[in-house]
Structures are given as C-alpha cells and as structure tokens.
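J.: Let the hints inform the model, and build the full structure from the sequences given.
What follows is each chain in one-letter form.
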Amino acid sequence: MFEEDYKRRFVFGSDYGTSDYKYGPITLGERPAVIENRGYLPERSMVSKILGVEKDIVVGKDVAYFLESGADLSSRMIYPMRDGVVAKSDPTAWRVIKELTKFSLEEFKPSGFGFKGYYIVASLSAIAPRYMYENLINIYDEISRETGLIHASTIIPQPLAVAIAHKELSCVVVESGHGNTQVAPISRAPIRDAIVALNRGGSEANAITAEVLKDSGYGDLAKEESLVRRVKENLGLLPLNLDEAINYAKRNPEHVRAIYQVPGTRIKIDLAEYSWTRFLIGEYVFDPNHEIFQSYFKRGMPRPSDTRVGDITFYGMLDMAETIIRAVERCPVELQPHLYSHIILSGGNFMWRPVSTMKGIAVDSQTKLQHMLRDKGLENVNVRLSPEPQYAVWRGCIVYGYAIPANYRWEWEKMEGWVYHTK
Amino acid sequence: MHIDRKELVNRIAGYMASQGYKIIEKDFSENIVRLVNDSLEIVIRIVEEDSGRGDLLSVVIQSAFDAAMGKVAYVALPLRLLSRIGDHAFRLHKIGLIVYSEDKVTELVSGGVKIISETKANTSIDKIEHLEAMIDSLSSRLERVEESLSTISKIEDLSRRLEELEYIIIKNPDATYAKPSKGLETHVIKTDSLQEFKGRKDKRHNKDKLPSFLTENPWVEILSEKT
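Protein sequence lines, in the order shown, are assigned to chains A and B. Sequential numbering from 1 applies to the first sequence in our numbering. Sequential numbering from 1001 applies to the second sequence in our numbering.
Don't read these hints as lab results, they were simulated from the structure. The model shown is predicted, which means the values in this text are computed figures rather than measured ones. Incorrect hints may have been included.
To be verified - Partial chain B-side listing against chain A, Cβ under 10 angstroms, derived:
| id | residue |
| --- | --- |
| 1 | Phe1028 |
| 2 | Gly1052 |
| 3 | Arg1091 |
| 4 | Val1109 |
| 5 | Ser1124 |
| 6 | Ile1128 |
| 7 | Glu1129 |
| 8 | Phe1213 |
| 9 | Val1220 |
To be verified - List time: in silico EDC-like cross-link candidates among lysine to aspartate or glutamate, alpha-carbon distance up to 20 angstroms:
| id | chain 1 | residue 1 | chain 2 | residue 2 |
| --- | --- | --- | --- | --- |
| 10 | A | Lys116 | A | Asp90 |
| 11 | A | Lys268 | A | Glu233 |
| 12 | B | Lys1071 | B | Asp1136 |
| 13 | A | Lys109 | B | Glu1129 |
| 14 | A | Lys116 | B | Glu1025 |
| 15 | A | Lys116 | B | Glu1129 |
| 16 | B | Lys1209 | A | Glu30 |
| 17 | B | Lys1127 | A | Glu3 |
| 18 | B | Lys1226 | A | Glu36 |
| 19 | B | Lys1226 | A | Glu233 |
| 20 | A | Lys109 | B | Glu1025 |
| 21 | B | Lys1226 | A | Asp364 |
| 22 | A | Lys109 | B | Glu1132 |
| 23 | A | Lys61 | A | Glu36 |
| 24 | B | Lys1209 | A | Glu4 |
| 25 | A | Lys214 | A | Asp270 |
What the hints assert, rightly or not - Going by beta-carbon spacing under 8 angstroms, a handful of chain A positions derived as facing chain B:
| id | residue |
| --- | --- |
| 26 | Glu30 |
| 27 | Val34 |
| 28 | Phe113 |
| 29 | Tyr131 |
| 30 | Tyr400 |
| 31 | Ala403 |
By construction, the Cβ of each residue, glycine as well, lies at the ideal position given by its N, Cα and C atoms.
T.: Structure representation (structure tokens):
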C-alpha cells in the first residue's frame, strides 16, 4: 500500500523521440520538459579546461554554449536516434542517451528525506528491437547505482502510450515523428501483428524543405538541420489536394507568399515566386507518389525506400491512408469499423496548421487524412488529432506508471512490468 | 532579552572560531553555523530565544541526524531553555551543547563523533526513509479522514435541525411561520455551501491535483488489474 502511494508520487515519464526528448515527473502536470535528443562532444582545449568545463558529453540547453564553428557540428554533434532506433554498435550514441537521462532526472531530483528513486516509464518506438530494451534497462541500472535516482523502470511502446493518453481502449494510433511513422491498432493492448510502419517521418519533410531552400537561393542555409526544421515548421503547408493547391498558389501568389525571419538573427527567408513549393513539404509526408516529386528524386534527393528492421518492413512510398488501411485489415473484421472510427494522429509530424485565408486549400492533418480515406472508399471514418501530439507519449507513460501495480514484475515474454534497480 | 538573529549567529560562530575552529558557512536563514577542525565537520544549530517546543524538537532531531552522519553536532540554546530541559540527554547522546545569554556564550557539553558501522548506518537510513514514506502517506490519509469526520458532523447537525423543522410543520400545518429562530437561521443550507461541500469532495479526490489525462481514464482500471 505504501509502495503504491510512493510510486504514484514519484512516477517519471521518459519519451525518447528521434528529434526531441520529453521527460519529467508526474508533478509537472499537463506538459513535460523538452530538450533536443542530441549530445555534443566538446573539444578538450585549454580554453575548456581553464573555464573548468571538463565534460565528455554535453546535453540540454548547455549545448548552445559549446557550439564552436559551424564546421565542427557534423563531427561533434551526436543525434543518437535514427528512425526511432539507436544503433546497437554505437557506444557514443548510447552514452548520449545515458547523459540525457541522467540530466533529466537530476533536474527533478527531490530534496528532503524519503526519496529512494523514481519509477521511470520509458517509451520506445513500436518497432524498437529487443536490444534497445536491454540496453536501456542496463543504463537505468548504472544510473541507479551512480545516483540513486531510479528505483524501478519499465518500457512501453509509443502507440500504446498515445492510446492511454487519449483514454481510448480501442483505436488506431498513427504516430509520426522525425524518423518514421507507425500505424498501430490497439485493443486493450497493441495488436503487434497488425503494426505497419512507414520509412517516412519529419526528416523526409526536412529533406524536401532543404530542396525548396536550395531552389529558392538559400543553399547555404539548407545544410543546417535545425534551421531547415524551423523553416519547415513555419513555412510548410499541407494541401487538401496538391494539384488544386499549386494552381491556387500560381493564381494567387501574394496569398501564399510568406517571409520567415529566424528569431534572434538577421536571417530572412522569402520564397518569393517559389512560395507554391510550401505545399510540397506537407504533401511529401502524406503521399510521395505525386509525379512532381520525381524531379527531386532525379536531382539526388533520396527516394524513401522499403527497409526491414527485424521482422518489420518499413514502407517507403506507401501513402498514409493506404498504410492505415493495411494495418486495420490485419485485425479481426468485427473490430475494423470501430478502429476506422477511432483514428488518433500523434507526433510532431502531424502538426500542420490550416490557414484561414486558404480554407479548403491548406488544411490540417486530420482533414487531409479523412479526405484520403474517403477517396479510398471508407465512409465512417473519424480521424482526430491529438491536441498536443508532441506530449501524448509522455502523458501515456505517466498514466501507465501510475496504474501498473508495483508488484508487477518485468517478464521478457510479455515485455511488461517493473524492473527493480534497488531493493 | 532579545538578540538579533544575525548577531546571534555571528556571536556563536565567533565563539567557536576563538576555540580554534575554522568557519565554513554562516546560514542566517536556517540559523546554522558550519565549521571544520582538521578533518572533522562541525554543525551548530541555533535555537532562538522565542522558539517554541516544536522548534526545539526539530533542531534536536536534525542534530541527531548530523551526528549519525559522522559530523560533530551542536545545539545552541538560550540560557532560559537549559533550565527546562537540562543537559543530560546531550551528554548521553554525544550532541554538543552551547548555551548563550545576553553577554556570554559557553560550551557546556562537547560534541563527539558518533561512530556507527557503515552497514548499520545504511540499514538505519533505509528504515528511516521507509518510515518517512509511511508517515507521509498516513498523514495525508489522516487529513482526509479528519475532513470527512468534520463534514459528517455538520451533516448530522443539519439533519437533526431539519427533523425538528419537519416535526414543527407536521404538528401545525396551518400556522404561518415567523422568521426562523436565530439558531436555525445560521444553519440553513445555502446553495453555495453545498457547492463548497461538493468542491471539497472533488478536491479530496483531486487532492494530489492529478493532470487531466489521468482523471477518468479507463486505462487506469485495466492496467491496475495486471498481475
């Protein structure tokens, strides 16, 4: 009983997204803390030593202070996750994960007596291989020994966390983050055999944005990943129908034109006569099959390809609606209508804003997907966007940790339960 | 007598410095002085002149923890309190005692280092932490029980008065009634009081201010049944 009370007070959510790491204890309330999922390896220079900053890896907001020239970024900045996975044979990447976790726990270290470590609930991609679970649990073990900040841990798949956060027992979760998109039907638990994955996520939208910047004369800026991402978020549009949107843009160039000034700098990006390409950015995520993208592939932009990770195929060119249909059709027939009427979109890659002056032209993700599914003959479709998609996984982690009994121990057969790191 | 807090801390720190200790920190908000002597760390917790019994107890318990962690612990008391509690307990448990008055500071009992075996210390600390967690939990449950009892008591009182009113009305159905008696008037249920009661009940369920995504979530029941 006391252990349950303790657990409910000290549950800690940890969402390792490819782009951002969302973290924090239950006491944060509605939203987690967010930092970029990256680490920086500073040069061990005399200056660093003089300043007293002997750090192997720097994470969090401090990274900005250690950035030297732009030329250093590619070799010293480590983004440990690609497509939701940390490579097995990349010890530096795993060190970054460990440092991020330690950093996050230390930020919320309680003072006073009675604290014996957090109950941490981590979330990984639905297709994360077993070694990721093993490595993460080992990291938590190390952190527990070094700092005493972890008492127990567990790991859950991200789509399950999203379903939990939305209070939906049966639904289809479409989780689209930086690296990939996972479509996971849930019915009180993930239906593992029905998961369909796309080898497309926010990074693909970044890739087309970089091409748009190059075409508009901003080739030098196209090399900075974080800037490209900001341009995507501020200038990218999602068209209800790409052909109609491009026609609209060419007929009404001033309606579609937008200028983006990077905050805190003098950099201003004006796509001018290329403003119609704003619609390509959103469309590419949902359906890369439009012929307009062929010219980009010919010029060298990588075409999303099918890849295999374990026993899961990541489809490169399947459109978003077709992906959802394939996943649902792997489920029992009597469940399918219910699943189509409870589709939840989650993840930063679905945060496309409609534009009131371009109603019916530039839309949000749920409108787009509903339209695509109806085009494929499905009528009773209900798609909703998670109100704050970037926080849904963390929220699901908190609920899971709050509810799962403290005496429910980890079993590798089920991949569920608590791993205790201290007595 | 009243000695200004800052002056008091400075006097005690100065006294110990004159005994050969090196001052590390003077915490004027917590009334703590930290010093070192060779490899020993000394912590002096000061009880102010106008402190109550609770404050004194708290300082003594914290000093006991300091001693258990291998530090030389001292309590500094005003002279008037010494006569009430004596110095025997301090001698017995090797907690140093400094006594101060308007014009004098004296070390009555020397602090000593309490040596506890590491295993025993760790076990004790684990047990203490476990007890702390239990006490916190019990404390919050007790609060809720006390609230419930208070509410029940009010309801019983209101119920009794309603019965009295009903009795009066049944006995004299045709009578016109004057204003309620002063006693009854003060106990008429007002709508906003009901709201307040409801709000308090809700507040009790949301005492820990659970986030919205946790409340009324069907997954909580399903997950909590896992064995």
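J.: Does Ser1124 (chain B) pass the interface hint, meaning its C-beta sits closer than 10 angstroms to a C-beta of chain A?
T.: 12 angstroms, violated
J.: So if I understand the rule, the pair passes when the alpha-carbon distance is 20 angstroms or less; does Lys1209 (chain B) with Glu4 (chain A) pass?
T.: Within the cut-off at roughly 17 angstroms; holds.
J.: Between Lys109 (chain A) and Glu1129 (chain B), does the CA-CA distance stay at or below 20 angstroms?
T.: 16 angstroms, holds
J.: Against chain A, run the beta carbon of Val1220 (chain B) and see if the smallest gap drops under 10 angstroms.
T.: At 4 angstroms from the nearest chain A Cβ, Val1220 (chain B) passes the 10 angstroms test, so the hint holds.
J.: Does Phe1213 (chain B) meet its interface restraint, that is, does its C-beta lie within less than 10 angstroms of any C-beta in chain A?
T.: Hint on Phe1213 (chain B): holds, closest Cβ of chain A at ~5 angstroms, below 10 angstroms.
J.: With the threshold set at 20 angstroms, check whether the alpha-carbon distance from Lys1226 (chain B) to Glu36 (chain A) stays at or below it.
T.: 34 angstroms, violated
J.: Has the given pair, Lys214 (chain A) with Asp270 (chain A), been kept, meaning a C-alpha gap of at most 20 angstroms?
T.: 12 angstroms, holds
J.: Close enough to count: is the Cβ of Tyr400 (chain A) nearer than 8 angstroms to one in chain B?
T.: 6 angstroms, holds
J.: Between Lys61 (chain A) and Glu36 (chain A), is the straight-line Cα distance small enough, at 20 angstroms or below?
T.: Holds: Lys61 (chain A) and Glu36 (chain A) sit about 8 angstroms apart, inside 20 angstroms.
J.: Can you confirm whether the C-alpha distance between Lys1226 (chain B) and Glu233 (chain A) stays at or below 20 angstroms?
T.: Roughly 41 angstroms between the alpha carbons, so the hint for Lys1226 (chain B) and Glu233 (chain A) is violated.
J.: Given the proposed pairing of Lys116 (chain A) with Glu1025 (chain B), does the C-alpha separation stay at or below 20 angstroms?
T.: 29 angstroms, violated
J.: Would you check whether Tyr131 (chain A) satisfies its interface hint, that is, whether its CB is within less than 8 angstroms of any CB in chain B?
T.: This interface hint is violated because 25 angstroms lies over the 8 angstroms limit.
The structure fails to meet hints 1, 2, 3, 4, 5, 10, 12, 14, 18, 19, 20, 21, 27, 29 from the earlier list, while all remaining hints are met.
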